[in-house]
Structure formats: structure tokens, C-alpha cells
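When the letters of the sequence shown are read in order and numbered with my numbering, they come out as residues 3 to 730.
By construction, these hints were calculated from the structure, which means they are not laboratory data.
Heads up, some of the hints might be wrong.
Said to hold, decoys possible - Simulated crosslink set (DSSO-like; lysine-lysine; CA at most 30 Å straight-line):
#1 96 - 64
#2 538 - 386
#3 266 - 311
#4 311 - 355
#5 643 - 703
#6 608 - 561
#7 59 - 28
#8 64 - 28
#9 184 - 28
#10 144 - 28
#11 643 - 628
#12 355 - 367
What the hints assert, rightly or not - The following label-pair restraints were derived from C-beta to C-beta distances:
#13 688 - 624: 20 to 28 Å
#14 518 - 657: 19 to 27 Å
#15 688 - 121: 55 to 63 Å
#16 460 - 494: 16 to 24 Å
By construction, the Cβ of each residue, glycine as well, lies at the ideal position given by its N, Cα and C atoms.
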Amino acid sequence: MSAFLLEVGTEELPASFLSSAVAQWKSLIPQSLADNSLTSDAVEVYGTPRRLAVLIKGLPSKQADREEEIKGPPAQAAFKDGTPTPAAQGFAKKQGVELDALEVRATDKGDFVFVRKVILGRSVAEILTELVREWISRLEGKRLMRWGDGDLRFSRPIRWLVTLLDEAVLPIELVNGSETIKSDRISRGHRILHPEPVIIPQAIDYVTVMRLASVVVNVEERAKIITQEVKESAQKLNGYAEIYPDLLEEVTNLVEWPSAVIGKFETEYLNLPTEVITTVMVHHQRYFPVFKKAEGEQLDPSSSSASNKELLPYFVTISNGDSAKSDIIAVGNERVIRARLADGKFFYDADLKNPLDNFLPQLAKVTFQEDLGSLLDKVGRISKIAAQIAEQLQLNDGESHNIHRAALLCKADLVSQMVYEFPELQGVMGQKYALASEEPQTVATAIFEHYLPRSADDILPQTLTGQVVGLADRLDTLVSIFGLGMIPTGSSDPFALRRAANAVINITWTADLSINLQQLLEQIATDFVAVQDKDKTELVTNLEEFFLQRIRTLLQEEKQIDYDLVNAVLGENDREYVERALRDLLDVRDRALFLQQIRNDGTLDKIYETVNRSARLAAQGDLDTKQLDPTVAVNPELFQKPSEAAFYNALVELLPQTQAAGRSRNYQLLVAGLEKIAPTVSNFFDGADSVLVMDPDPQIKRNRLHLLGLLRNHARVLADFGAVVKNL
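Produce the entire structure from the sequences given, and follow the hints as far as they go.
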């Protein structure tokens with residue numbers, strides 16, 4: 003078995019591209035090998051700022067030979083009276099076989115000529131020569147560049163290429179205009195610690211040889227080294243360093259030979275909010291802050307909860323140079339952070355000279371979107387929408403007042419000096435400045451929380467005020483941007499509207515907020531078109547479809563609901579279900595979760611046939627799908643069999659259970675009723691007193707279809723059983 007090494011040497015790669023490229027190769031290369039009938043024991047992908055590499059172990063010397071069966075012309079065209087025709091001769095020649103190798107075999111479409119061929123496997127060297135170029139060219143990334151006078155595109159200029167099949171160089175050339183990069187066994191070590199060329203004797207030695215050249219090529223290993231050194235450095239200071247995952251990933255991809263360096267700053271800067279200091283360190287300088295308290299939960303450096311930890315006047319940074327010069331490196335980093343913190347202190351002190359609401363007039367000078375006015379205009383819209391939500395939730399005057407105040411101030415810190423310099427602190431500084439301005443704690447917290455969640459794995463707002471203002475902010479953005487026709491398509495979503503809609507749904511679900519989303523969209527759209535002179539019907543329809551897509555996705559991906567059960571609660575081209583889902587997001591969530599539960603415990607199977615058979619026949623009737631009362635829809639005087647009366651009486655008993663289930667969202671009441679009625683319905687269809695539903699008498703037929711329609715309608719209170727797939 004053989005080992006193959008590919009190393010693409012480059013100028014310094016962006017950290018984000020390196021992470022993406024490693025992940026892409028981990029998926030692309032194994033699949034590419036499989037597509038070419040090549041097996042391997044391991045595919046190890048490595049990356050540093052100056053290289054992207056893959057080491058493939060356990061490769062065969064060549065593809066396995068394989069037998070292939072090829073279908074030719076119809077037998078009647080290939081042979082005439084047993085003699086091969088030109089069609090047969092041409093087919094044999096094309097396949098490179100003798101005429102006696104042709105076989106006639108029967109198929110569904112008649113007799114055809116076939117030939118069996120043994121395809122000899124190609125050498126692995128030949129295949130890899132082709133694949134290397136493909137692996138390099140298929141890497142995707144933002145802002146790939148061209149260099150020199152060629153058309154080759156990569157994140158940064160490619161400077162060398164190593165391709166070793168065991169100890170032999172696999173000759174490959176990358177042509178880029180007038181420049182040709184030829185593969186070799188010569189790599190490059192660390193720029194400073196090992197500037198000499200590095201000769202790799204054989205592929206399997208790659209990791210060891212590069213380590214001797216002061217390069218740790220394994221990304222996971224570098225991350226472990228950094229984590230360990232940062233923690234040990236913090237322990238020397240009697241503190242604890244928070245290892246932020248995003249920071250760790252970025253720093254790992256910026257160094258080849260990591261070495262921790264401890265730096266310090268003046269204690270006077272500890273008077274700044276903790277979030278300011280950690281933001282400077284993490285987001286701007288890529289330092290690991292050192293906290294005084296014991297190790298706790300992972301915190302976002304710009305979250306309000308970061309202030310729960312007490313900082314020490316130290317930081318840990320990761321050097322990519324000589325550890326013997328750590329003191330010099332520390333001095334340089336200390337000089338930089340001292341200047342950044344001094345700026346932060348100046349901005350903080352200047353902002354505190356004015357109460358938060360004094361910033362509001364300046365929002366009029368900041369454009370939210372060219373056609374949507376200023377941030378002050380947006381604040382006005384948020385306040386109005388928040389009031390509409392508060393009205394739906396029937397909040398008291400105190401709660402409504404706090405929501406109004408938080409909505410009014412939620413964007414005020416965007417024009418503060420601190421947030422202008424450190425945009426990551428939006429909301430965080432608003433909370434700080436609100437408290438300094440003696441605003442209620444509830445209002446201050448909501449100013450921060452209304453931005454939550456800021457990413458897919460972020461926390462949700464915990465207070466009612468923060469939840470309502472957050473919903474109002476996102477609903478304004480969604481309606482306004484949709485109103486301008488900027489609807490997300492494919493992967494293009496510059497205003498993060500999918501994330502905004504997901505947040506609206508998740509906040510509502512998590513906080514159990516009884517809001518009528520359909521009504522809110524109508525109200526907000528009405529106000530929008532009054533100003534913008536747009537088509538309200540089209541706007542609302544687009545928004546409803548968008549939200550239904552997000553509900554569907556979240557139910558399937560986050561709540562793990564089977565796709566057919568999601569279809570059952572959202573309906574398939576059924577306006578009644580669409581409106582119901584948008585009117586009550588909590589109800590659509592609960593119905594989906596309940597359906598999944600009764601599928602898992604087997605209850606769904608017990609009622610499926612009864613409901614589905616009834617629904618299929620009821621579709622031939624004319625009963626309104628909202629009618630549940632048998633005393634209104636059915637005439638007992640038309641009954642001819644006891645099974646009809648029993649069915650009718652069972653529906654009368656089922657009615658209060660269904661109504662109670664709808665009011666309380668306790669759908670177990672409805673399902674219990676459907677389980678109880680199942681034998682009665684079965685007797686109606688197939689028992690000793692069974693009836694012919696499609697009776698020749700139109701009145702009797704209609705009466706019986708109404709019985710079935712009523713059962714269907716009761717089941718529809720839970721879901722459209724016609725969308726449920728049996729025994730999924």
C-alpha cells in the first residue's frame with residue numbers, strides 16, 4: 003500500500019479561508035477517491051497560514067480491474083439469419099472485441115446484443131496526477147484572487163507544490179500564464195525559526211519532517227497546544243483564561259509554531275466595563291483575557307454576562323515567533339492594547355456626559371436604508387409595532403410603558419462614540435448607558451436583549467420587554483425590506499432576513515408568546531404601503547410564504563419533526579392551515595410535537611386508517627371543513643342501519659372533547675376520542691350493520707358523507723391526516 007502527499011504552498015492565507023479549505027478537502031477528497039474506485043486507510047488534511055496539505059495513507063498501486071456489461075443494438079438488427087450485420091460488426095469494433103464475444107440476451111424490450119468487457123484498472127499515479135489539479139481548482143472561498151499574468155485563482159498566490167507518492171515525486175505542473183509551478187519534494191519551514199528549504203524524503207514522513215522545521219501542520223494539534231499554553235499562562239497569574247471557540251479557531255489558523263506570551267496593562271483600565279476590555283482584546287487584538295474568578299461557563303466577550311466575571315490586568319497572546327523573545331513581543335502588544343484601552347476610556351467618559359435619550363436626535367442623521375429613512379424613523383416604527391404586540395399580549399400599563407421606553411432607546415447607543423469605534427458593543431453599551439441614565443433595569447436589559455439571538459447558537463432574550471422589542475425590530479425589517487422587493491433568493495440574504503424570521507419564531511416558541519403573527523403582518527404592511535405606495539396583498543402573501551418556509555425548516559431541523567407530519571400541520575395548499583399556523587405559532591408547534599409523540603408511541607397508527615378512509619370519502623361530499631356539530635349537519639331520520647345511529651351518537655360525544663382540545667391545545671383529548679370512535683366507524687364500514695356510503699338515494703348518500711366529513715373535521719383540528727405517510 004502507498005502513501006500520497008500533496009502540499010500546496012502559498013503566501014499567508016486568511017484564517018477564514020484556511021478553516022473552510024480544510025473542511026472542503028475533508029469532504030471533497032474522500033469522495034473523489036471513491037468516485038475513481040480508489041480505497042484508502044486514512045485521508046488526513048492539514049493546514050497552516052502558508053500551506054494546505056493532504057496525506058492519504060493506504061492507497062493501492064492501481065484501481066481494481068472491473069467487469070463491465072455494455073448493451074448494443076437489437077438482436078434482429080445485429081444478426082440476419084445468424085450472420086452478423088454491419089451493426090454487429092460496428093458495435094464489436096467500437097468495444098474492441100471479436101464478434102464471437104457478442105451475446106444475445108432477452109430484455110423487457112426484446113432481445114439485444116451485449117458484450118462483457120474487463121476494464122483494467124489504471125495506476126494510482128496516473129489518476130492522482132489528474133485529481134490534484136481538480137482538488138486545488140474546486141476549492142471555494144470569498145474573494146479568490148489571480149496573480150501574475152495568469153488565470154489561476156486561489157485565495158493567495160501559490161508558490162510551491164509538493165507531490166510525493168511514497169518516496170517518488172509525482173510530476174505535476176500548474177501553469178499560470180507565463181509562470182509554471184512544478185511539483186517537487188521541497189517544502190518551506192517556519193519563516194523565522196527555519197528559513198531553509200525543507201526536503202521531504204517520503205510522503206509518510208511529512209508531519210515529522212515539518213515539525214523539525216518548526217511547523218505544526220495538524221490544525222487540531224495546534225489548537226490543543228494553544229489551549230494548553232493559554233490555560234497554563236493564566237494559572238501562573240492565579241487566574242483563568244476564557245477560551246472563546248471563534249478566537250481559538252482564528253488564532254490557530256494564524257500561526258505555525260504557537261507560543262503563549264503574557265502581557266499586562268494598567269489597573270486603571272479595569273474601571274471600564276468588562277465588555278469593552280474583552281472586546282478590545284478578543285475582537286480587535288486576538289488576545290485571551292484573564293479572569294480572576296474560577297472557571298465557569300463560556301461567555302461571549304461582548305455579552306452582558308461577561309461583566310459577571312472580574313478581569314485581571316493581564317492577557318495572553320499567541321506568538322508565531324521565537325519563544326525566547328517573548329518579553330520583546332509582550333512589550334509590543336502591551337503598547338498596542340494600552341492605546342486601544344485609552345481610546346475606550348476616552349469614548350466611555352465622553353458618552354457618559356449625556357443621558358442616553360440625548361442621543362436620539364442624532365439617529366435622524368444615520369440612514370437605515372436609502373428608501374426606508376433614518377434610524378430614528380426605524381425607532382418610530384419599532385415603537386409602534388411593539389405597542390401592537392403588547393396589545394395582543396394584553397400587558398398592563400407598567401409593562402407597556404417599559405416596552406415603549408426600551409423601543410424608543412434601543413438604537414440610541416449606535417451614535418455613541420464607543421459603539422462607533424467598537425460596533426460589536428451595540429446593545430451592550432446601550433444597557434450600560436441606560437443604567438447610568440437611571441432608566442429602569444428592565445428597560446436597560448431589553449436594550450441589550452433585543453439584539454438576541456445574534457447568531458444561530460446565541461442565547462434568546464429572557465425578559466418579556468426584550469422579547470417584545472426584539473420581535474418588533476425584526477418584524478419592521480422583514481416587512482420593510484420585503485416591501486422594497488428585496489426578497490432573499492438562493493444563498494443571497496444581505497439583510498439576514500432568514501435569521502430574522504427564525505428569531506421571531508424561536509423567541510415566540512421559547513417564551514410561549516401568544517401573538518397573532520398574521521394580524522401583525524397585516525398591520526405593519528398596511529402602515530408600510532401607506533408610505534411607500536406598494537401592493538399590500540402581494541407583500542403580505544410573500545411574507546406569509548416566507549414565514550411558512552421558516553416554520554417548516556425549524557420544525558424539521560430543530561424540533562426533529564418528520565417531514566410528512568410538518569406537512570400535516572401546515573397543510574398542503576390548504577389556506578385554512580396556513581392562516582391557523584400564522585395566527586397561532588404556539589399551536590402549530592404543539593400540534594407538530596404531539597403528532598411526533600403519538601407516532602413514536604404507536605398511537606397514530608391506531609387512528610390513521612379510520613381517519614384517512616373517512617377523509618377520502620368525505621372529499622366527495624360538500625360539508626364545510628369547519629363544521630363539527632352533528633346535530634346541525636346530519637339528519638337522524640334518514641338513518642337506515644344501527645351503525646349510522648351509533649356513528650352519530652359517537653360524534654355527539656366527541657364534540658366537547660374536540661372543542662376542549664382546541665381551546666387548551668391538549669390534543670390528547672381529541673386523540674383519545676378518535677381512538678374510542680374507531681371501532682364504531684369500522685362497524686359503519688365493514689361490520690354486520692355496514693352501509694353503502696354511496697347510496698343511490700342522494701339524500702341518504704349526502705347524510706352518510708356528512709357523518710364521515712364530521713369525523714374528518716374533528717381530526718383536522720389536529721392535522722390534515724391526508725398528508726401523513728403511513729408507517730413512515
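Each hint, compared with the structure:
As the CA atoms of residue 96 and residue 64 are separated by approximately 25 Å, the hinted pair is consistent with the 30 Å bound. At most 30 Å may separate the alpha-carbon atoms for a hinted pair to count; residue 538 and residue 386 meet this at roughly 19 Å. Annotation: proposed proximity of residue 266 to residue 311 holds, straight-line Cα distance about 18 Å (limit 30 Å). In summary, the hint linking residue 311 to residue 355 is supported, as the alpha carbons are separated by about 26 Å, within the 30 Å threshold.
At most 30 Å may separate the alpha-carbon atoms for a hinted pair to count; residue 643 and residue 703 meet this at roughly 13 Å. At roughly 24 Å between alpha-carbon atoms, residue 608 and residue 561 fall within 30 Å of each other, so this suggested pair holds. Under the criterion of a C-alpha separation no larger than 30 Å, the hint pairing residue 59 with residue 28 is consistent with the structure, at around 14 Å. With a C-alpha separation of about 22 Å, the suggested pair residue 64 and residue 28 falls inside the 30 Å cut-off, and the hint holds.
Using a Cα cut-off of 30 Å, the hinted pair residue 184 and residue 28 holds, with the two alpha carbons roughly 25 Å apart. Proximity of residue 144 to residue 28 is assessed by CA-CA distance (about 19 Å); at most 30 Å being required, the pair is judged to hold. Proximity of residue 643 to residue 628 is assessed by CA-CA distance (about 27 Å); at most 30 Å being required, the pair is judged to hold. Distance restraint check for residue 355 and residue 367: the Cα-Cα separation of roughly 21 Å lies within the 30 Å cut-off, and the hinted pair is therefore satisfied.
A hinted range of 20 to 28 Å for the beta carbons of residue 688 and residue 624 is consistent with their spacing of about 25 Å. Between residue 518 and residue 657 the Cβ separation comes to about 26 Å, which falls inside the hinted range of 19 to 27 Å. Here the CB-CB span from residue 688 to residue 121 is close to 59 Å, well matched to the stated 55 to 63 Å. For the pair residue 460 and residue 494, the supplied restraint of 16 to 24 Å holds, since their beta-carbon distance comes to about 23 Å.
This entry satisfies every hint, going by the numbered hints stated previously.
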